[in-house]
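In terms of our numbering, the first sequence is residues 1 to 370.
Any given hint could be a false lead.
Each computed DSS-like pair below joins lysine-lysine, with the alpha-carbon atoms no more than 27 Å apart [what the hints assert, rightly or not]:
| hint | residue 1 | residue 2 |
| --- | --- | --- |
| 1 | Lys259 | Lys222 |
| 2 | Lys244 | Lys104 |
| 3 | Lys193 | Lys158 |
| 4 | Lys118 | Lys104 |
| 5 | Lys146 | Lys158 |
| 6 | Lys259 | Lys244 |
| 7 | Lys146 | Lys193 |
| 8 | Lys222 | Lys193 |
| 9 | Lys259 | Lys223 |
| 10 | Lys118 | Lys193 |
| 11 | Lys248 | Lys193 |
| 12 | Lys238 | Lys222 |
| 13 | Lys238 | Lys259 |
| 14 | Lys259 | Lys248 |
| 15 | Lys223 | Lys243 |
Bear in mind the hints are in silico, worked out from the structure with no lab data behind them.
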Amino acid sequence: MTITDQSLDEAQAKKHALNCHRMKPALFSVLCEIKEKTGLSIRSSQEEEPVDPQLMRLDNMLLAEGVAGPEKGGGSAAAAAAAAASGGGVSPDNSIEHSDYRSKLAQIRHIYHSELEKYEQACNEFTTHVMNLLREQSRTRPVAPKEMERMVSIIHRKFSAIQMQLKQSTCEAVMILRSRFLDARRKRRNFSKQATEVLNEYFYSHLSNPYPSEEAKEELAKKCGITVSQVSNWFGNKRIRYKKNIGKFQEEANIYAVKTAVSVTQGGHSRTSSPTPPSSAGSGGSFNLSGSGDMFLGMPGLNGDSYSASQVESLRHSMGPGGYGDNLGGGQMYSPREMRANGSWQEAVTPSSVTSPTEGPGSVHSDTSN
DNA sequence: GGCTATGATTCCTG
DNA sequence: CAGGAATCATAGCC
């Protein structure tokens, strides 16, 4: 079994002789033909295009997420659409979070594309390498063009399997990203200053009955760039916390009372155009941000023109316990809707509990110290 | 790091 | 199912 120099030389010589033989080309072509025929039978059995459903799913998802597909434009739109779809309804762009999400998505996208490119390059290199090899070999053994093709397709299949893994892990990354960002609780963001201002304005100008109607909630949501359920949450929290510790909110109440008062007096009768008629007590839905109109109808003699209801409201709270309970008509002067809520809210907020906030036994009088 | 503020969730009630 | 109450979990401040 030893290969000596001599034997090698002999082999080379034989090979050379064969290559130079005048019958060689003919023989070669015959051999190729035979191979091709046998090869075809093999091929047909194993090369039906694999339209892998999973790959299609992955591709679709990546496309939908804006990871695959064209650059920025389509990507962000698709991402937004996806977010809206999964958000289950109203999801206005929470600009901060949204941009954060997008930047992370862009990172994934970048990685994905660079990897993909790498694979493609590697695939091409490998293919040409193999082709060269085959070409080289074709000088010494019969290699049919079809065979080369087959080789190429095998290589491509292998590489596309790798690509599929890449796509899969990219999809996973996107999923994780999505779940993290969609879990609002984990990434709580405070509302913007402007949003809380709007909400507070509404709250304190409807202090007698801080239960915005559906329409009002929608309007507020739109104004604040948050969802309706966020508005509901906010009012729920606010009511509870206000009631729990009115003293603490006294200052805030005053601020907003002044604010709305100013806006009202400045706006004059800018109580234009509320979409719903300024109807009245009845079934509600009269929501008017700038005007706080519905407040007036409850106060027969008191209102005057320079005092907005909100001012009165907060004044009620800033003054002592005895001051208001009776003189403001006691009971439901703010008739609007829902006696249920109204009653409980009034009951809890209005009477004796107001004076001594839970702060401490009497000691804290924020208004005097300030 | 502790503390408070705050948005969200959960559980319960009517 | 809306709202109250308790609770959770994070943000933001010191």
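Quick rundown of the hints versus the structure:
Of the supplied pair hints, the one linking Lys259 and Lys222 holds, its CA atoms being roughly 21 Å apart against a limit of 27 Å. The straight-line distance between the Cα atoms of Lys244 and Lys104 is roughly 41 Å, outside the 27 Å bound, and the hint therefore fails. Distance check on the hinted pair: Lys193 and Lys158 sit about 55 Å apart at the alpha-carbon level, beyond 27 Å; violated. Taken as a hint, the Lys118 and Lys104 pair is honoured in the structure, with Cα atoms around 21 Å apart against an allowance of 27 Å.
For the hint linking Lys146 to Lys158, the alpha-carbon distance of about 18 Å falls within 27 Å, and the restraint holds. Under the criterion of a C-alpha separation no larger than 27 Å, the hint pairing Lys259 with Lys244 is consistent with the structure, at around 24 Å. With a C-alpha separation of about 70 Å, the suggested pairing of Lys146 with Lys193 is violated against the 27 Å cut-off. Note on Lys222 and Lys193: the hinted pairing holds, with a Cα-Cα distance of about 15 Å set against a maximum of 27 Å.
The hinted pair formed by Lys259 and Lys223 meets the criterion: a straight-line CA distance of about 18 Å does not exceed 27 Å. With a CA separation close to 46 Å, the supplied pair Lys118 and Lys193 exceeds the 27 Å bound. At most 27 Å may separate the alpha-carbon atoms for a hinted pair to count; Lys248 and Lys193 meet this at roughly 19 Å. Restraint check for Lys238 and Lys222: satisfied, since their Cα atoms lie roughly 19 Å apart, inside the 27 Å limit.
Of the supplied pair hints, the one linking Lys238 and Lys259 holds, its CA atoms being roughly 19 Å apart against a limit of 27 Å. With a C-alpha separation of about 18 Å, the suggested pairing of Lys259 with Lys248 holds against the 27 Å cut-off. Taking the CA atoms of Lys223 and Lys243, the gap is near 25 Å; set against the 27 Å cutoff, the hint holds.
In the structure shown, a violation is registered for the earlier hints numbered 2, 3, 7 and 10, in ascending order.
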